[in-house]
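> Residue strings, one per chain:
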Amino acid sequence: MSSEILLQVEGLCARAAGNEILRGLDLTVRAGEVHAVMGPNGSGKSTLANVLAGRPGVEVTAGKVLYRGRNLVEMAPEERAREGIFLAFQYPVEIPGVTNLYFLKAAANAVRKHRGLEELDAMDFLSLARRKMKLVEMDEKMMSRAINEGFSGGEKKRNEVLQMAILEPVLSILDETDSGLDIDALGIVSRGVNSLRSAERSMIVITHYQRLLDHIVPDRVHVLAGGRIVRSGGKELALELEEQGYAWIEGGAGAA
Amino acid sequence: MTRDAREHYVAGFGQFAEREAAGDPPWLHALRKQAIARFAETGFPTRDDEAWRYTNLGPIARTPFEIAAPASAVIGRADLERLSFPVFACSVFVFVNGRFAPSLSAPRALAGGIQIGNLAAALPSPLCPLEGHLGSLARPDEGALVALNTAFFTDGVMLHVPAGVEIETPIHVVYLSVPGERATISYPRTLVVAGRGSRATVVEDFVSLGGGVAFTNAVCEIALAEGSAVEHVSLQREHEDAAHLGAIRVRQARDSRYKAHGISLGGRLTRNDVLAILDGPGADCELNGFYVASDAQHVDNHTTIDHARPQGTSREFYKGVLDDRARGVFSGKVIVRPGAQKTSAQQTNKNLLLSADAEIDSKPQLEIFADDVRCSHGSSIGQLDEDALFYLRARGIDLATARSLLMRAFSAEITARIGIGALRERIDELLLARMLRTRAEAA
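Protein chains in written order, with my numbering: chain S, 1 to 256; chain B, 257 to 699.
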């Protein structure tokens, strides 16, 4: 049984800060699948995440990216978000002066409005947020604080997963969500992510290390090197990488 | 050119003294003569003057401004409500082109021997409460602009809060400018005398109705007796053709607290000149400021906090948003006099430049003549944070909303310091509306 293709990336080339980073990347993600993208530093993992989310300054120079059949490259970042794409940031941004609660409500209602749902008032939103906060074991006090301001590394990542839980995206891209997390926080974040897995939702989990994949078990694992996917396999590929490191890739396909 | 300006105002003063000011008490007559003599001597400051290096008054000096005609008859209550803060309970005093407009004002009954009213009504009284106060903090010999106002002012608000009295209701003073066919000038004058342990909130609100070349030359004097507290909002939202040159002079006795919020949104040329003297031990002074300028607007905040006595504390925090070809100037000086030990002073200026052509000259300065003090200062210039914009957009928030959220966050750091909630909210709204008028579309 093969489900609907959500994301189709073909021959993607992209530049960031004047450097050619992605050099002909192919990737197909179907509904319900979890794909892990692994690879050494500088291989283009974060650039891939940024291309999908639409970060200004990352320029697609060739290839195509189709999301549910639509050309993703032409869509503004906010439109992608409303259409169900979610990037969990590797470095969540601190925004002083805007409370987490105000931000999450504005985001949730922007997405709901786009989906033809009624916007939530303050009370309804708060009760939704409370439910979702339990999922990531987040203290309610965090809601009245400025977005990510003074949050610990773990709190920031939990806040990302909270946003994900509230916005209920179709395709989530987790960009090194495991970086900077201790083992307890990793467990909490992973449980949050896993609770969102379903037959309709897909995820691209970008990571440097295999340990996250013990918690979020992928359907497919891809190795990114030199801006291209050089190897794909099942979840056992991640274990192989853990044992062998990336040296074999860097000596081979990574030379470009 | 400067000579012409001097002649223009000196000639105008001759007429003014014979007509409008004919009924002045002798002390005021003497003060005015001293003031016009001072102006005749110096004329308008030029850019050779260090304090005016970044702000050119040439166009002001060249324009033959005439005293604005009375215009309160053409103003309806609806006009005013559109411009003002109708929402919350204030005691409202409205002045149109520098003259009191009783029909537009709504003073509330105030208890406890509080004297409040318009200067013009108080002046003829034999026991004039203004004598000895008016002109004592903003002295005509200190500079051309204070001198000009002193020579020509006809009206404004006076507030005297007796010892121990606390006024809960803000006093909202609207100085409304209604420009005419020709270039006009008005001279609003405010005097606040806070008795021992008293407390009051005063909002000076400079507004225009309609366009036209107009010059507001405002002076505000605030004297705080021991242990008193005054919160002072000065909101400038005049028309884009207007020039606004304002001076605020504050003297603080022992343990008094002065808290100011200087907000500049309008005007083609704005200069706010603030001097606060901490003239008693343990006085506390907080100067907050926010400015928004776009197109060819020029806004200059020139402040001095003078720690003349020990154990004083001051905090100064100015922020601004500049777009298009707008130009901002922040020049903030903190002086710590010899003997003003245990002074603590902080000074910060932060700017957001939304365009490559916008410009800010930021000059925080400390002059310290005592050794046991804690002083810090700093300034910064930046753009809207691109990473923050992307973060908000990546959650479905559109670009215009994301920008307004970040700008509101930028200004909230200043407005959060306004003590009265209803006032804070209204000013937040005004600021946001003004900031959104700077490029609605963007990068």
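Incorrect hints may appear among the rest.
Simulated crosslink set (DSSO-like; lysine-lysine; CA at most 30 Å straight-line) [stated by the list, open to error]:
no., chain 1, residue 1, chain 2, residue 2
1, B, K606, B, K619
2, B, K619, B, K515
3, S, K235, S, K113
4, B, K606, B, K589
5, S, K156, B, K619
6, S, K141, B, K606
Computed footprint of chain B on chain S, listed as stretches where at least three residues anywhere in the stretch have a Cβ under 8 Å from a Cβ of chain B [said to hold, decoys possible]:
no., region
7, 29–36
8, 195–207
Since the hints were derived computationally from the structure, they do not count as laboratory data.
Backbone N, C-alpha and C define an ideal beta-carbon position, used for all residues, glycine too.
> Against which earlier hints does the structure fall short, listed by number upward?
Violated hints: 3, 5, 7 and 8; rest satisfied.
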